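Trainee: For the record, the sequence lines run as chains A and B. Residues 214 to 765 (the numbering used here) make up the first sequence, in order. Residues 4 to 221 (the numbering used here) make up the second sequence, in order.
Possibly wrong hints are sitting among the right ones.
[As the list claims (entries may be wrong)] Sample of chain A residues with no beta-carbon within 10 Å of chain B, all distances over it, derived: (1) L257; (2) T287; (3) V303; (4) F331; (5) P332; (6) Y340; (7) I341; (8) Y368; (9) N397; (10) A437; (11) F610; (12) F711.
[Claimed, not checked] Cross-link-like lysine to aspartate or glutamate pairs, in silico, EDC-like; alpha carbons within 16 Å at most: (13) A:K741 to B:D145; (14) A:K741 to B:D20; (15) B:K68 to B:D145; (16) A:K457 to B:D145.
Hints are computed from structural coordinates only; laboratory data are not their basis. As the structure is a computational prediction, the values presented were derived from the model and not from experiment. C-beta: ideal position from N, C-alpha, C; glycine also.
Chain by chain, the residues run as shown.
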Amino acid sequence: MKTAIEIDIQTEGEMPREHYLNVKTGVKAWLLTMDHKRIGILYLWTILVFFLIASVAAAMMRIELLTPQGDFVTNETYNKLFTIHGVLMVWFFLIPSIPTVLGNFAIPMMIGARDVAFPKLNLLSWYIFVAGGALTLWAIIHGGVDTGWTFYTPYSTTYANSHVITMAAGVFVAGFSSIITGMNFMATIHKMRAAGLTWFRLPLFIWSMYATSVILVLATPVLAITLAVMCVERIWGVGIFDPKLGGDPILFQHMFWFYSHPAVYIMILPGMGVVSELITCFSRKQIFGYGFVAAASMAIAVLGFLVWGHHMFVSSQSVYAGMVFSILSFLVAIPSAIKVFNWTATLHKGSIHFATPMLYALGFIGLFTIGGMTGLFLATLAVDVHVHDSYFVIAHFHYIMVGGMVMAFMGGLHYWWPKITGRLYPEMAGKLAALTTFLGFNLTFFPQFILGYLGMPRRYHAYPPEFQMFNVLSTAGASILGIGYLLPLIYFLWSLKFGRVAGPNPWRATGLEWQTPSPPPKHNFEDKTPIVTEKPYSYSAKEDADLNLASI
Amino acid sequence: MNTTTTIEAGLVHQQFDDIGQQREAAKLGMWIFLATEVLFFGGLFLSYTVYRFVYGHAFVEASRKLDVVIGGTNTAVLLISSLLMAFAVRASKLDQRRMLTGLLLGTAFLGCVFMLLKGVEYHKDYVDHLVPRMGFKWEGADPGNAELFYWIYFAMTGLHAIHVTVGIGILLVLALLAWRNTFSNGNHNTIEIAGLYWHFVDIVWCFLFPLLYLVGHR
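Excised from the complex, chain A in its bound form (with noise of 0.2 Å):
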């Protein structure tokens, strides 16, 4: 039997393949494409660009805090950069990340599907993110808004004196480029499938995608009309949250959190997906308890709508809802909790390979697992009054945002790297950039849990002189995850032309998207699209024993 790399040896040689990369070149065809895969790496290079103008504003901030004084950056212009970094990081990288990116390229091929439903509005979809995007960095370069990415009222409406109006309009159309996503990949799930591909038989990475959708579409809508209605108050001076009315301020947080606690859930529900998918690859197992993980990311995605005042538990909100409130946040620890126990459950008696998408994963469950436990403080009652607009809130969410799904993200992205260019990364610099990240982000949020819990507020550019200490550490820290996100996209690059090929399947995956060639061709499919027989991650640990899969 020949393995991959001799086939690819042999194939090399001849004449290039005709594949979706080189079918149609030219500026004019990839902004024509309606191809899934090419607009994927649109959203790739858009997305980046998004992730290195917040990474400067955080990196900003950082330095700021290094030391106690305000001395690097005044506090208006410090206000500025937390609202660009967060605005830019939740809707310009970390919603669109892994959907637009990961699931706009692997969806259609993981369910044996030549494109997605509505290939036009896919494009369409990216055109309006980047006129939202647009929009945005408009509204940054002509000075900024300093409300932060919440908005909120009556400061957003009233007092503050920025480019409010600007930044919401971009954001609110972004919107739409979310709901249109959402939409194309709902109909493209229930009605594109291949035959024999029950719902049951679908990879997680789907199931996630799924959940991760019916969210983009129930709770963007109501994103866009509070914003708008925040705009509106703004021009006009009047409107439903304007107390000279009767209106309440405190409606808009509830509007707000309606719309944005559920895209917390966008912002993980992929990343456990894309784990799904590394874990049981690397370990080369059969997902333990496939129900259970499939059901746990749609009832994340339930519960999400259901907890949105433990955002506002000293809002004023009445003690009986904040408690309902608690209680239903709590909740969600189950399905979370369910995901990670089996995830561990199918690494135990793997064959584990160390590869670096599983090293990412690895630190997916720790980080996520650690963001997750901080939640349940956070949702308890008397813990959150405490705690409540302090680093520990901070650092509680970058585990989950960060630890948790760009990790996941990066793990996904070199998963399917060599089905993307049809080229491997180099695997040591990978590891190396992996455990870079992993320990850079350990070092800059595990202080701020304890500067939190001392007592440090969060949006302020000085601070008294005995919080420095885990300051300083943090901005160390910063430092050395910078370099984790540097280093992938320089080996990346690079491998685009001297990466070793991928062939097919260099990770002996199960899915339909490792049984075409690399890069695919057009089509996704060479000739039928496949034809599903049984479940997925069919894995035989026994048969991969004497596999090395890090030496590919």
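Please build the complex by placing chain B on the supplied structure of chain A, with the hints as guidance.
Mentor: For chain B alone, kept in the frame of chain A given last:
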């Protein structure tokens, strides 16, 4: 019914296996979009509900000043337009080109009548000093709460009017395409999907009318 004829095969986009799959996907996409729209309007319905609960009396008083006759007529106009739309979907399935074009134009026409009446009503509201921030005057008690009601009234009906305008545009384009015989031989899915949207616009109004116009009437 769902067997793919050779004529139908030409209509299938490359990503679909057959026309049935294409139709179902498109229809599902539209339903999901309508779910999005429900939540989009939902923010305003929520605001209405909260303040109707808190300022019940002021809302009743404010509602009485709205013109029930124009509002009621508009309700009838939209319901009839929806009926025509339903006939249009049937006509497209039966390949009746002239009938389809006529019904689409009729639906669009009624949409225009709705917008015209709405415009007349907005003007009347302006003359009566009911527009927030634009010479708003209120003789009764709680002028602030009454202004809040009118703000919500304009926001909801305004957002609805935008949707009606978009719908009229779609219907006119479809009427032109129908005249050019685009929807023959089983290519009727577009009409059906546009119909779903138009019915949605109609249903939203069916909720707005009682909430805004009738809460003050016995």
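Trainee: Does each hint fit the structure? Answer for all of them.
Mentor: Now for the hints, and whether the structure bears them out:
{"no.": "1", "hint": "L257", "result": "holds (22 Å)"}
{"no.": "2", "hint": "T287", "result": "holds (35 Å)"}
{"no.": "3", "hint": "V303", "result": "holds (19 Å)"}
{"no.": "4", "hint": "F331", "result": "violated (6 Å)"}
{"no.": "5", "hint": "P332", "result": "violated (6 Å)"}
{"no.": "6", "hint": "Y340", "result": "holds (18 Å)"}
{"no.": "7", "hint": "I341", "result": "holds (14 Å)"}
{"no.": "8", "hint": "Y368", "result": "holds (19 Å)"}
{"no.": "9", "hint": "N397", "result": "violated (7 Å)"}
{"no.": "10", "hint": "A437", "result": "violated (6 Å)"}
{"no.": "11", "hint": "F610", "result": "holds (24 Å)"}
{"no.": "12", "hint": "F711", "result": "holds (34 Å)"}
{"no.": "13", "hint": "A:K741 to B:D145", "result": "violated (70 Å)"}
{"no.": "14", "hint": "A:K741 to B:D20", "result": "holds (11 Å)"}
{"no.": "15", "hint": "B:K68 to B:D145", "result": "holds (15 Å)"}
{"no.": "16", "hint": "A:K457 to B:D145", "result": "holds (11 Å)"}
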